[in-house]
Structures are given as structure tokens and as C-alpha cells.
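Okay, here's what each chain looks like letter by letter:
Number of protein chains: 2
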Amino acid sequence: MNIINKVADMQKISKHEKQQEKTIGFVPTMGYLHEGHQQLIKKARASNDIVVLSIFVNPLQFGPNEDFEAYPRNMERDEEIAHSLGVDYLFYPTITEMYNGERTTIIKVQKRVDVLCGKHRPGHFDGVATVVMKLFQIVMPDSAYFGMKDAQQVAVIEGLINDYHLQVELIRVDTIREEDGLAKSSRNVYLNDKERLEAPYIYRALTSGKEKFLQEMSVSNAKDQIFNFLSKNTSGEIEYIEVLSYPALEPISSVKPGETAIIALALKFSKARLIDNIVFSY
Amino acid sequence: MNIINKVADMQKISKHEKQQEKTIGFVPTMGYLHEGHQQLIKKARASNDIVVLSIFVNPLQFGPNEDFEAYPRNMERDEEIAHSLGVDYLFYPTITEMYNGERTTIIKVQKRVDVLCGKHRPGHFDGVATVVMKLFQIVMPDSAYFGMKDAQQVAVIEGLINDYHLQVELIRVDTIREEDGLAKSSRNVYLNDKERLEAPYIYRALTSGKEKFLQEMSVSNAKDQIFNFLSKNTSGEIEYIEVLSYPALEPISSVKPGETAIIALALKFSKARLIDNIVFSY
Chain A
1 MNIINKVADM
11 QKISKHEKQQ
21 EKTIGFVPTM
31 GYLHEGHQQL
41 IKKARASNDI
51 VVLSIFVNPL
61 QFGPNEDFEA
71 YPRNMERDEE
81 IAHSLGVDYL
91 FYPTITEMYN
101 GERTTIIKVQ
111 KRVDVLCGKH
121 RPGHFDGVAT
131 VVMKLFQIVM
141 PDSAYFGMKD
151 AQQVAVIEGL
161 INDYHLQVEL
171 IRVDTIREED
181 GLAKSSRNVY
191 LNDKERLEAP
201 YIYRALTSGK
211 EKFLQEMSVS
221 NAKDQIFNFL
231 SKNTSGEIEY
241 IEVLSYPALE
251 PISSVKPGET
261 AIIALALKFS
271 KARLIDNIVF
281 SY
Chain B
1 MNIINKVADM
11 QKISKHEKQQ
21 EKTIGFVPTM
31 GYLHEGHQQL
41 IKKARASNDI
51 VVLSIFVNPL
61 QFGPNEDFEA
71 YPRNMERDEE
81 IAHSLGVDYL
91 FYPTITEMYN
101 GERTTIIKVQ
111 KRVDVLCGKH
121 RPGHFDGVAT
131 VVMKLFQIVM
141 PDSAYFGMKD
151 AQQVAVIEGL
161 INDYHLQVEL
171 IRVDTIREED
181 GLAKSSRNVY
191 LNDKERLEAP
201 YIYRALTSGK
211 EKFLQEMSVS
221 NAKDQIFNFL
231 SKNTSGEIEY
241 IEVLSYPALE
251 PISSVKPGET
261 AIIALALKFS
271 KARLIDNIVF
281 SY
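Residue numbers (our numbering), protein chains in the order written: chain A, 1 to 282; chain B, 1 to 282.
Isolated chain A, as found in the complex:
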């Protein structure tokens, strides 16, 4: 495995691999790799000649009061994991390398962001879209692997790919969960013992909300169900519970069979803000 720190080096490598008609699978991450990331890497490894993993904690997608500085990092362990899973190139640039010179533009996301996390993290998805566009231009992947835990991120990146006719196929990868159902996340380390015991109720709330929705075909009944379930079983503060179309993320005004929906929520514990969702056709 080669570690690449420079944008120009990564571009030269990708150009060369593509000239050899190799396919490039790309896994963009912020590091601190958990099993969710590992699943993305495995999927990329199974379907491509070359696998590129990027680790870059992108300041542009953190709000002023968010956890950019505190975001967990462990490069040594990440390198071992990447190596063991057969990553060919680990792209690990500095902030100055990625944001060189004066930044003159930003990609402003105008749809799919006035709901869910986008509503509560203004500018977050602009930062995501901007850095993903940069990474795509650097790595030039054929396929890019994203986890469905961040379902809104997937929806935004699918919009980005369509908007700019990017020749990248986005591969949606199912959320990886602990045995008790808690979605794997770098931020789970922030949970205290009591919260860790409560956290599995997030997924149970989602599945019970989905059942309610399928039974009664009512958005508000499903939301009530989840709200009551979470209030009873956790000490977390509910930031949002939403039932929307997917990936357009619009309100479901009339429930039409054959459509795809997302039920998503964010729950704030003392130090950890956790998100989870279920996407399903009905």
C-alpha cells in the first residue's frame, strides 16, 4: 500500500492507472475507520482493479460549534486496517494541500438539505459536496462507496453526480450495526456507559416506526410511534424524526405504493449526536 500526501501525485497515479484501463474504486472517509468503513473498502476491493481510500477530516463541513478539533483520529490504526484490507493507495493530504491558495467558490446544495441533518447543520452539506467534488477530481474514480447511515449525504452526492455529469457511479452500502442494532459510527466513542445501553433503542424505534408506517400508511402515526418509543427508552434529546421520500427528501404528501421512503432521526446524548435511518420501498 502506498500513502500519498500530494494532490498532484494522486492525480498522476490515477491518470496512469486509467491509461492502463484499470478501474478505480474509491472510499472517501474522515478516518478512525470502523467496521462500516471496512465494509465500504471490502465492497470496493471486490469490484475494482485499484482501491483508493482517502482520509481527510474536512474543516469545511464542520460548523463553528462542532467537533472538528475533537473529531477522533488514529492514523496508525487506520493504516493497518487499510493495508490489511488490500487498499492500493491511501490518500492522506494535509488541509493546506486540499485548500491551497484562496478558495474562491463553494458548491451550494440547494435541494435535499432543508430537512434532516441539513436543517440542523447549516452549510454542512456545502462542505461535503465541495470536498467530494475535489476528491473526485483528484482520484478520478469509476465507483465511489458511501454508507447508507449517512443517507442524506448519499442523496446529496447523487445529486452532485447528476448535476455535473460526473462519470462516477455511487455505490450505496448498507449500514453496518453492532449486534444490538446500534449503527457503527466514529462518534459512538463519545457515549457514556448508560447512553451506550440506551443507544440500540434508536434502531428499534426506526424498525417499529417502519412497521407502523407500513400498517397504517400514515407519516404522522409513524413519527408519533418513534417519538414515544425513544422518549420512553432513552435519555437523549430528539433533534428530529422525519419520514420523507428518498432520495429527493421531500414530504410524502400522498402515500403511493412503489415509492421509496426514508425514516430518519437524530438523537443528542450528552457528548454524542447520533443519527440513523431506514430506507425502504412500500
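Hints are not guaranteed to be accurate.
To be verified - Here are the in silico distance ranges between beta carbons for each label pair:
{"id": "1", "chain 1": "A", "residue 1": "Pro72", "chain 2": "B", "residue 2": "Pro251", "range": "42 to 48 Å"}
{"id": "2", "chain 1": "A", "residue 1": "Asp49", "chain 2": "B", "residue 2": "Thr23", "range": "21 to 27 Å"}
{"id": "3", "chain 1": "A", "residue 1": "Thr23", "chain 2": "B", "residue 2": "Asp67", "range": "44 to 50 Å"}
{"id": "4", "chain 1": "A", "residue 1": "Lys12", "chain 2": "B", "residue 2": "Thr94", "range": "32 to 38 Å"}
{"id": "5", "chain 1": "B", "residue 1": "Lys119", "chain 2": "A", "residue 2": "Asp49", "range": "24 to 30 Å"}
{"id": "6", "chain 1": "B", "residue 1": "Lys194", "chain 2": "A", "residue 2": "Ser253", "range": "55 to 61 Å"}
Since the hints were made in silico from the structure, they are not lab data.
Because the structure is a prediction, the values reported are computed rather than measured.
We put the beta carbon where it would ideally sit given N, CA and C, even for glycine.
Given the structure of chain A, go ahead and fit chain B onto it with the hints provided.
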């Protein structure tokens, strides 16, 4: 010469040409090709294996009260010109082809646009940056040719290329002028006879402003000189006269030898809004 209407076809062609290690020179235009455009095509032809010309009147860069509908078009003549100058591919998509499905993002230009035309055409350069990003992803050029008459556009696109690490070299091409000095522009057809006689004073005003600047190294004296010159010799309404650094387009707070400046102005005649500029090192 092949005329290509579909994004997917153009991408297939560019991919194929690049796999053959051909260099692609790209000239993006809105059509109604004048000698300025022709100069861009000639430059592209001289330095590349393949020349792609695009003709697309981009609705996103026109304001609600601007001339999108009235913008001059003459596809038959453009085809002849493109063919005669050795263009290999004329990319000529419809609006629906370029803006397919729901547009979810826009590239917001945050620097270099609060001055000159950007100040007077809010959103214009967002539309330009967005469509140029799209075109670059479709055509995948090695070099792209832009005329310096639109010097602010060049500055914005240079920022875009840097921001996203685009593997495109922007080639600045000098403004082509009529014998009397008037910069070639598709919008010159809007001038009436009297205005056409006055219009050459725009360039004379710029050169005299540059001389003043070089003599006295004073931004305000140069601007006064141009203002008086234009007021005396034309019936047009002065929209702006500015002297700025180039390409950052910032105020010149202290005049330091070795820097590059732009003197630019916009003049409104009854139906035509004309722009022109001089960029020079001092």
C-alpha cells in the same frame, strides 16, 4: 466535423480520444461566433490533437431582465465557421440535455465577483462557473481557451480550476478588436449607427487611463481620466470604471511595481451593454 447533441456521446468520444493519448483543446461559447471566438478556435487548433467547440446559450448565467431570449443565434453560420477552422467536434446540447432532472446544487462564486460585472449582474458568475464545471466534466479537455475581453470570467474560471484541482489548463487569449479598436462582441449588433461611431472611444479611454496610471501611479486619477474621456465622447451611460489587481480583482491599496492590474469598464448604450478592459503589469 461531427455535431454532438448528447452529453453521454460527448463523454464517450472524449474518453476514447484520451485513451488514444490525444490532447483535447476546448472552446466553450454561446455561439454567434465572431472573430474573437475564431481566434480561440485557431489557438486551440494550433496546439491540440482534437478541438472541441461547444455552443450553448446557458440560461443559468442570464438574469431575469437580461437578454437570454434575445441573445443572437445563427447556428448555420456557426457550423460553417467551425467546420472551416478545423473543429473536430461541435458540442451543441439542448437545455434539457444540460440540465436534466432536478438541479440540486450551484457553484457559488464567493471571491472575485463583488466588483466589475459581478456587482451588476448578481448570480451571473455562479451560472458561468456551474456550466463551465459541467462542460469540463463532459468534454474533459487538457486546455480550455477563453478570451480576455471577459477578463473577470477568466479570473473566475482560474479560481474554479484551482479550487477543484481540475486538470485543465486555461489559456488566456487576447481580445480581438475591430480596426478602430472596438472589442469584437456578439452584442455589437445591438448598436445603432451613432453608437457604433462612439463605441471605439471605449478602448481609447482604457489606453489613456492606463497611460495616466503608469505616469502618476494613482488609481483615482486614472479613473477620473477615463470618466471624463467617456463622458465627453460618448452618449453611453457609464456602469462602472474600475482599476483592480488581476486576477484576484482586489482594490489596489498600494501601487507596487511588478504587480498586474486590470482597468475595466462597462458602458450602456440604448440596447447594448458593452464591456472592455486592459490587463497589464506595471
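A quick look at each hint next to the structure:
1. Take A:Pro72 and B:Pro251: their Cβ atoms lie about 43 Å apart, and the range 42 to 48 Å holds.
2. For A:Asp49 paired with B:Thr23, a C-beta distance near 25 Å keeps the hint of 21 to 27 Å intact.
3. Remark: the range hint 44 to 50 Å for A:Thr23 to B:Asp67 is upheld by a beta-carbon distance near 46 Å.
4. A hinted range of 32 to 38 Å for the beta carbons of A:Lys12 and B:Thr94 is consistent with their spacing of about 37 Å.
5. Distance hint for B:Lys119 and A:Asp49: a CB-CB separation of about 49 Å, inconsistent with the stated range 24 to 30 Å.
6. Checked against the given bound of 55 to 61 Å, the beta carbons of B:Lys194 and A:Ser253, roughly 58 Å apart, stay inside it.
Hint 5 from the earlier list is the only one contradicted by this structure; the remaining hints agree with it.
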